[in-house]
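Peer 1: Next come the chains, spelled out residue by residue.
Number of protein chains: 2
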Amino acid sequence: MPTVALDLLGGDRAPDVVADAVALLQDDPEAPDLLLVGPVDHAVELLRERGIDPRGFVVEPATGAVGMDEDPLTVLRQNPEVSVSVAARLVARGRAQAWVSVGHTGAAVAAAVLELGRIPGMARPALSVVVPSLAGPVVLLDAGAAPDATPDLLRQFAVAGHTYAQVLGIADPGVGLLTIGSEEGKGDRLRRSAHELFREVLPPAGIRYVGPVEGHDLGLGMAASVVVADGFTGNVLLKGLEGAVQWAATRMGSAYGDPEPAWRVVTQTATSDFAGGMLLGVSGVTVVGHGAGTAEEICACVRLAARVCDMGLVSRTARAFSTEVR
Amino acid sequence: MPTVALDLLGGDRAPDVVADAVALLQDDPEAPDLLLVGPVDHAVELLRERGIDPRGFVVEPATGAVGMDEDPLTVLRQNPEVSVSVAARLVARGRAQAWVSVGHTGAAVAAAVLELGRIPGMARPALSVVVPSLAGPVVLLDAGAAPDATPDLLRQFAVAGHTYAQVLGIADPGVGLLTIGSEEGKGDRLRRSAHELFREVLPPAGIRYVGPVEGHDLGLGMAASVVVADGFTGNVLLKGLEGAVQWAATRMGSAYGDPEPAWRVVTQTATSDFAGGMLLGVSGVTVVGHGAGTAEEICACVRLAARVCDMGLVSRTARAFSTEVR
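Protein chains in written order, with my numbering: chain L, 1 to 326; chain C, 1 to 326.
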């Protein structure tokens with residue numbers, strides 16, 4: 001059973017919502033062991049308020065979080081005891097096998113790179129989310145870690161995303177390149193170059209490249225199990241999907257005269273594997289949740305982190321990069 | 001009452017679905033006059049099949065369409081009588097005030113630029129769609145006409161989109177820049193430069209710049225009435241929204257045990273102003289519909305084309321570029 005380090009200070013409603021998640025996981029016999037990261041006295045108080053005996057938990061001291069308007073690298077260099085750094089370091093030192101933080105994606109990415117290091121062959125890590133398409137789960141990456149990409153960085157995302165899809169239990173996942181117009185020669189300059197590169201290098205690396213896919217393929221899911229995008233496009237698309245589903249729940253709930261079933265669809269989706277972004281390409285399991293996430297969503301992130309530890313995500317990713325044809 | 005030239009040969013199910021749209025518009029006393037573009041004998045036959053007296057219509061001969069896998073510029077140069085060119089030319093020559101085609105966006109853009117010319121100040125035209133956010137209509141551009149953009153091209157889109165929003169009746173529309181993370185300094189290189197440029201030049205041009213917006217703002221709509229994107233990101237996002245709404249209609253329809261009301265929401269949205277893409281920056285009203293569009297969606301495109309003619313879209317766009325601070 002892996003141990004998961006949980007950042008008490010990340011998220012819009014931290015630390016209370018994270019403490020609520022700890023209370024929920026306390027009642028789940030299959031939940032992984034937790035190592036809490038935050039101010040010790042406050043953590044003890046939060047646990048007591050929820051009727052939890054704090055002696056059942058180790059709290060690793062941390063002295064602050066990165067604010068949404070702060071530059072992560074500056075804060076991380078000035079204060080090595082900021083919660084994301086402490087949590088990532090617990091994984092680097094083997095005291096935990098994974099770490100989870102909700103909230104500031106840039107801070108989590110920076111802490112993961114600085115404390116855990118990158119997997120050789122992966123120049124920049126990619127945030128990978130699972131989108132619940134009509135045809136089954138689709139892995140979308142990068143969802144916002146690396147806004148400016150090159151064709152070769154997209155190739156690295158393809159390799160990492162392919163491994164992640166296999167770890168999630170998708171057999172022989174097809175990899176698609178997110179672009180506009182599925183015909184040959186369409187798309188922007190970056191995509192036209194990446195398409196040629198993917199066609200040349202992915203099949204020899206044992207990765208089935210299914211070609212260009214489009215924005216609607218995330219909802220429909222027929223075209224590919226892994227969708228590769230630069231972090232700018234991937235983040236815009238992911239947030240667009242979230243907004244569209246909220247639009248649909250509101251409009252469709254009104255059309256039926258009863259909003260509850262529509263919103264239950266939204267909530268069920270958010271509290272499954274789809275809750276957490278997996279940071280691929282760093283040497284330790286790192287899950288970044290939604291900043292506005294509920295306690296149930298944070299629990300889903302913790303469970304996802306434990307599950308990919310059990311499936312050997314990091315070693316399998318490293319192996320994929322060490323054996324691929326460059 | 002403006003006359004709208006309608007391309008019979010554009011769209012996945014052309015010409016039948018376009019002829020169905022003609023039949024529907026025939027029954028609407030407020031519909032604009034139509035000038036049909038296509039093979040004359042076939043058009044007459046299609047009208048007769050639908051119980052319409054062909055003598056009530058002028059059919060302007062055209063000898064083919066641009067296939068989805070063909071390069072538009074090559075086809076347009078080889079055959080000046082292809083339907084999109086004939087339709088755009090009718091507007092250039094003043095025989096129609098607008099033209100509508102569904103299907104091949106690249107072909108429609110190329111025909112519009114070649115036959116109508118660009119509005120001075122706008123280097124490349126932008127496809128502009130209206131998204132029905134929870135807070136009201138939001139104009140998104142570019143939705144796929146120009147995949148590679150510069151900060152200055154995005155500025156031109158902001159000016160054109162602002163005018164289009166006013167033409168649609170949105171008072172003092174706020175313009176947002178689509179990016180990732182709404183905090184200062186976030187986004188990719190293109191967006192960081194564009195944000196500085198927008199801040200500097202839009203307010204002196206009388207355009208309210210509301211700052212960075214994110215993907216979910218298309219569904220929620222609180223942040224801005226005009227959302228500016230490069231054509232790659234805009235197209236991915238638009239198609240992503242369409243796929244997400246189909247996902248939601250399927251899942252939510254199942255949750256209620258009755259799919260019909262959910263799909264009615266989708267259909268109502270598709271047959272309003274939201275049906276058509278308005279090509280901004282060319283010297284004539286050009287509406288590009290969804291290639292898979294139904295007859296009702298094509299009717300909505302024709303009505304939208306007539307409405308913006310009445311509101312003087314082209315002259316107002318030209319004026320916005322002639323008076324703005326460069």
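Just so you know, the hints here were simulated from the structure itself, not pulled from any lab data. Remember, predicted model here, so these are calculated numbers, not experimental data. Hints should not be assumed to be uniformly reliable.
One copy or two, either will do: identical chains are not told apart, so a pair holds if it fits within one copy or between any two.
Unchecked claim - Computed list of lysine to aspartate or glutamate pairs in EDC-like fashion (alpha-carbon distance at most 20 Å, straight line):
no.	residue 1	residue 2
1	K186	D16
2	K186	E296
3	K186	E70
4	K186	D12
5	K186	D27
Peer 1: Indicate, hint by hint, whether the structure satisfies it.
Peer 2: Here's how the hints hold up against the structure:
Taking CA atoms no more than 20 Å apart as the test, K186 paired with D16 passes in neither setting, with 48 Å inside one copy and 28 Å between copies. In the homo-oligomer, the alpha carbons of K186 and E296 never lie at most 20 Å apart, since the shortest distance is 41 Å inside one protomer and 29 Å across protomers. Only between protomers do K186 and E70 lie at most 20 Å apart by alpha-carbon distance; the minimum there is 11 Å, versus 38 Å within a single protomer. In this assembly of identical chains, K186 and D12 lie within 20 Å of each other by CA distance solely across copies; the values are 19 Å between and 40 Å within a copy.
Taking the shortest Cα distances, K186 and D27 never come within 20 Å of each other, neither inside one copy (52 Å) nor across copies (40 Å).
Of the numbered hints listed earlier, those contradicted by the structure are 1, 2, 5.
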